[in-house]
Every structure is written in structure tokens, then in C-alpha cells.
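Trainee: Residue-level listing of the chains:
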Amino acid sequence: MSTALERLREQYRHPDRAARAWKANGGKVVGYLCDNVPDELIGAAGFLPVRVSGDPATSLEPVRRYVDGLFQPTRRIGFAESMLSRLLDGTYEYLDYLIVPHNRHAIQAIYQELLRARGAFPELKLPELYPLDRSWLPFYASEVFNRDRLLDLHRTLETWSDRTISDESLSEAISARNEHRILLARVAALRTADPPRLSGVDALHVFGSSTTMPRAAHAELLRALLAEADTLPARTGPRVFVGGSPHDNPTFYEIVESCGATVVAEDHCWGSRAADWTIRTDLPPLQALAARFHQQPACSIAFPMHVTVERCVRRAALAQVDAAIFFVLEHETAQVWETPDEIAALAERGIPSLHLSEQPYRMAEPDGLRARISAFLASAGKAGSVSTSGRAGELT
Amino acid sequence: MTAEPARPRRLKSVDAIRAHQRAWLAETRERALRGEPFAICNSDECEEILTALDVPMVVINYWSAVIAREGKTRHFADVLRAHGYPAAPSHALGFGTTLDPENAPWGGLPQPAIIVGSTRDEGYLRVAELWARQVGCPVFPLDFNFVGQFSVTLPPDWWTRMRDDWESVVDPHRLALRHEQLKGLVAYLELLLGRPLSLARLREVVEQRNRQMDLWIEARDLIAHARPCPVSLRDQLALYQVTWQRGTETSYRLLHDYYEEVKALLADGAEAAPPERYRILMATTGPDPAFHAYLRERHGAVIVTNNYMAIAELYAGTIHDDDPLRLLAARQLFLFEKEPHWYVMQARQWGVDAVIGLEAPSGYPSEYRQVIEAAGFPYLALPRDADDPEVRAMLDAFVATRLA
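Chains as they are written, first to last, in the working numbering: chain F, 1257 to 1652; chain X, 20 to 423.
Just so you know, these hints were derived from the structure itself, not from any lab. Be aware that one or more of the hints could be misleading.
Claimed, not checked - If you want the footprint, here are the derived chain X segments under chain F, 3+ residues with CB under 8 Å:
1. 96-106
2. 182-195
3. 265-271
Every value quoted in this text rests on a predicted model; they were computed, and no experiment measured them. C-beta atoms are modelled at their ideal positions from N, C-alpha and C, and glycine is treated no differently.
Between the sequences and the hints, there should be enough to build the whole structure, so can you do that?
Mentor: Here it is in C-alpha cells:
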């Protein structure tokens, strides 16, 4: 058993530990939602950046109590509702600040939901909120807009920390994070190797833990894990790609891998994308950070759509997968329109797909899903076969 | 229980609007077949620009409503699902008609020259992209939309600022970007169409839109002050169709006919309208609810208005610095928010006895209830606008305990 891997698993299971230790040493913690908030900038300001996650086991009672009555009825995707509930129930009481980006509607809405909840219920202990706006389009005017929003965030972080973020400190933070991403990519390569040396479940632990602890300490654990890589057992069974909605918890991966497969790659914001988007070092650091902020999609939403589709297919192809499973949550509005194109593109490459639509965030009875996945994997040798199924009705 | 089962009349002017819409689409199809451009866009985005360029357009939301009215929602939801797409939301139904054009209502839409999409939410732009790909036309993307307030916290009297002080209810950075994007859209359209957009013409369309909205407000106020209500909610909502072609002479004329008919009705006297024991504000942006007939016939309670009747003031806006495009950009970033102070204003405007809203049952008193009841209006929160035994029981109990 790898000691480093066990420590990474522990951090994933207890994401508050590092933050609480940071606070105990007098530090402040900046929470953020999603994967496109520039944590390098937060780190350069002297804060610990912590990404907020949902948890399927979380009670939604705080949302019912503090938020639902303030707005017209809305359907929130499960992980966003869970994050909102955990921000209300005290799970993240150690956050001093919270950055909410303009990503999918259910995410950006959390800013006004928390703001209004705090106004209506002063007893709520919530962090100071900051809306990080962003254009989703790739064009010049959007890049200027996004750069200016990043500069606004830069000024805000300086105000929060009561200190100037020098170019030197930002360059150091960028270099360190680039190196961190390279290490994450090397760990991701353990999965895509033949045979894989890391399960998809463990990969989620590695990537997820990278967002809740000091990045330098996480990089040290990655180095230790890579040093022990030869001792990791080789995995057998079908190589599976996971597309569709994000997985902020390992439940679905555990189900897939309990069927004898290994999730070797995915296309969502809690997976191997953590290794992507290194920052240019040949530009002034704020310009480089702004360029990355503009290029990195919000919630996989890139225009035009074929960019998203091609990125997805490339990930699957590079990982040399035997099959793909598209797991799309109920109330999903982002990753739902491109899925048919992604399935078709994979089929052209001889990769069969299983399309699971309208799936619950809380999987109370996974046995039926496990049986369906097992059956699909058993038949996955038939290249190009596509099976689609959802709670709303069976389709082929 | 009232002894009067009378049903509200249908206004000739509103029937004329309904007929006009269908004839307009047939005419637009003819124009498209002759090679003239036709456009598809989201609601409340670039209608005025397209009107000023003399490009007929269908608004996606309106087309979804036509599909629903023709009883084809389920069919096209099934079509979408069969192609691997989600069956909801309704704004995708029009895309669904392109996957099964033989069953499209009214013979389907003409071939568009362009579809203008926006990031109203993450799905809207995708639907526009897929739609454009399916029919083989370009798609032009815009950021944000009027339901997308993010950083701005609205003042409690926000609706009073929409005409002149509209900068105060939109994010200035978003306004600047949207303004730039609209300039890009205009340049793209000018190249696509081979003709320029005239500033004078756009100014004229915006000012004509304002006149249209002012006339609508006058008609609305006549109805709101009349007892009993002389125009059914159904007819008031049907009138909304002329807002999709805002700023045209035709829309103004249709609205003017409505205004004149309302005045004539009032001159005829209140006996022409069904009696009303209780006046209700339905605080939604939905259709005439399915339970309305039960409420009216069982309890004499008439839903006299809903949010759409308060929207004319929100469309109208004053051009600043002779830049109509910037005003349009601001309106596209914010049109309204469904919040309770706006409902209280409407309840007072219409002199209602109670307000009905839709809420997801949470077990906790909502801000809607607190604000509306604090203003002196009994408030009923329904879980849906269906006509079923549970909803009827809630209506019966509300009338018995809060109104009788």
C-alpha cells in the first residue's frame, strides 16, 4: 500500500482538515466554486484556496429553510444544491471568503442565493462573497471583459489580504502550480498506462484532494506517490471513459469499477482536467493568468460546441478506452446537449457508449445501475454499439 | 358559490391579433421562399434590431408556445428524447420541430438566414447551435440574458427605474460587453443582408416601441380600474403576442384596436362582464391557470391579471446619448425579477383581494408570503397551476378562511 496514496485518500475524505490546520496557524481561507477560478492568484495573496464540493449525503433542509422561500421555484442540479446546502449548514464555516464564478446558472445563482439568505437570516454565518463574472464566448471583446474581471479579483484579493501581490510572488505561485499540474499529469498517466496502475476512484481522490490543501504539500505527496508507482498493482479489465455530468464524489466510479473495469479517463471538472491549463511563463504573470482564465471553459461550456465535443473525444482516444459511459444527472443543463455528438464521434472511432440520462445525484439503490453497467461492459466488444437509457424511458 | 356561470367574452381585437400572427407567419414564409431573410432569436434580445433591418423574426419562446397550444409538446419532447436530447426545457421544442419537420405546427418555420443565441443559461446557446446546424444557417452568440442578474442587487423599487434610470439596475461591465456584442451583431447582419442599419430607423423603432408600450399601459390601466374586470386574463395574455414585433406600425395598430375596444366595453357598462366576488392577482409569468374556471365558477373569484400585465413599463426605455443600441443592451440584460415587492405594486394597481403564487413546498414561510401579507393581501402558495383535487381543496380552503 502506498503511504502517499493513503494520505491523499485521507485528505479527500476529510477535506476540511488542512484548512482547519491552516486557520489554526493564523491563516485565512478563500473558498471557490468550480475549476476555473485562478487559485494561483488566491495563493499568491497568502490565502489557502479551497474548492467547495457537494456531498450526496448532505441534507437539503438548509436550502428549504433559508433559500427556497426567497426565490421562485427552480430546479437545481444535485451537486449545486448540495454545495449550497453545505455552505448554509456550517460545513464550510472555516471559509473567510467565497468566490462564486459565473458558470452554469445553478452555480452563479449561489451568489444571490447566499446574499439574500444572509439578508433574510442574519444569524447565518457565511463568508464574505465575491462574484467573479466571466464571458463564455471566445472572442476579443470577451477576452477583454474576462481580463478586467480578473484584474478586479486581483484588487479584491489585495484588499482582503491588505497587501500588494507582487509580480514576483505571482510568478512564483504560477511556476509552482505549473509544476503541480505536471505532477498531476504524471499521476494521470498511471491510469492511462497499459496496464493501468491507478483506479479511477483513487484518481478522483488524488485530483479532488489537490483543491483542498496547500498546493506545495499536495505536490510533495504526488512526488511520493510517483516514487512508489512501481509498487502499485497492475489493473485488468475494460478501460472505461466517463463523460457527462461532474462527479464530486466517488460513488459512480466505485460502481463502475466494482464491475471489473477501470475508469482510465474522464471529461469533467473533478477529474484529470486538474492537470490541464498550465499557464504561460513568457508573459507578465497577470496577463498570463488572464489568458488562462479566458481560455479555460466555464462548466465545459465552450463555443462553438464542437470544441467541447472534440476535447471530450480526444481525452477518450488518448486513453485508449474500450468503452465510454455518459452519466448525465437529472436537471443537467450543461453537459446534456453535446452528449449525442460525443457518443456519435466515439462510435466513429469504434468506441461503444452507454448513455445514462436523468440520473439521481443521490444513488440510493445502485444495484440496478451496476447490473446495467455490467451488461454493457460484457457487450462492449461489439464496436460502435450504443445503448442509451434513462429514468424517463428506455431508448435505443 | 356564485349563481353566475357566465364566461368572459372574447375580444374581437384580440381574435384579430391571433389571426394576424398566423397570417404573418404565412406571409413571412412566402417572403423567405422569395429569398428574403428570416431570423430566429430568443425572447427580449434583438427583436428591435431585426425590425429596424426589416427582417421578420420568430422568437423561440413564442414558437414553443405555439407548439404547446397545438397540443404537440409531448410529440416533440419524444422526438428530442429519441435523438438523445433532454425532453425539457420547452425552449428546445422548436429545435425538435426541425428533427421532425412534417409534424411542425402551421407548416413549420421558414428557412432562417440566422439564429441569434444567447447564454440565457447553459442550454440556450447549445439549442441555438444545434438548431442552426440542423437547418444549415449561421448562429450568432451573445453573452448573458435578462434572467441572468448576477452581481447586481436590485433596489426594492427597481421597476420605477426601468424607463429612465436603467443604468442603475444593470451591471456596468456587462452592459459595456453586451453593447460591444450588439455592435458586432449589427455588423454581422449588415454584411449578411447586404444593407446597413440606419441609426434613424433604429431610433424610430425604439420610440415606436415606447409609444406601443404607453398605449398598452393606458389600456391596462383602464382594465385595472374597471369593476368587474372587462377583459379576461386569457385575452390579456393573447395580446402579449404583439410584443414580439415591438416597434412596428402593425403592432401599434393592433394594440390601438384593442385599446379602442376596451374603451367601448367600458362605455357599454360593467354588466357586459361576468360578475366577480373576489379579484385575484396570479403572480406568475405563466398562462391562464387551468384551475381558473373552477375558481371563477365555484367561488366567483376572477384572476384579473398576472405579471405579464406589468411588463409594458419594463420594455419602455428612454434613449440616452442618442444611443438606442446601448438602451437595448441594458434591456437585454435585465427585464424583470419575480420578487414580491413587484407583486405588491401590482396587487395595489389592480385592487385585488388576494394574491396567488407558485412555490415549491418547503415547510417554511416564504419571503413572498411575508412581504405580500405584510402589505395587507391574503396570499396563497400553490405547488402547481393544475386543476386537480389537491389544488381545488387548497383554493376552497383559502377562499373560505381568508376571503369569505
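Trainee: Confirm or reject each hint.
Mentor: These are the hints, each one checked on the structure:
1. Here the segment 96-106 of chain X counts 7 residues with a CB under 8 Å from a CB of chain F, which clears the bar of 3, and the coverage holds.
2. Here the segment 182-195 of chain X counts 4 residues with a CB under 8 Å from a CB of chain F, which clears the bar of 3, and the coverage holds.
3. Coverage of the segment 265-271 of chain X by chain F is violated in this model, with 0 residues showing a Cβ closer than 8 Å to a Cβ of that chain against a need of three.
Against the hints set out earlier in the document, a violation occurs for number 3 only.
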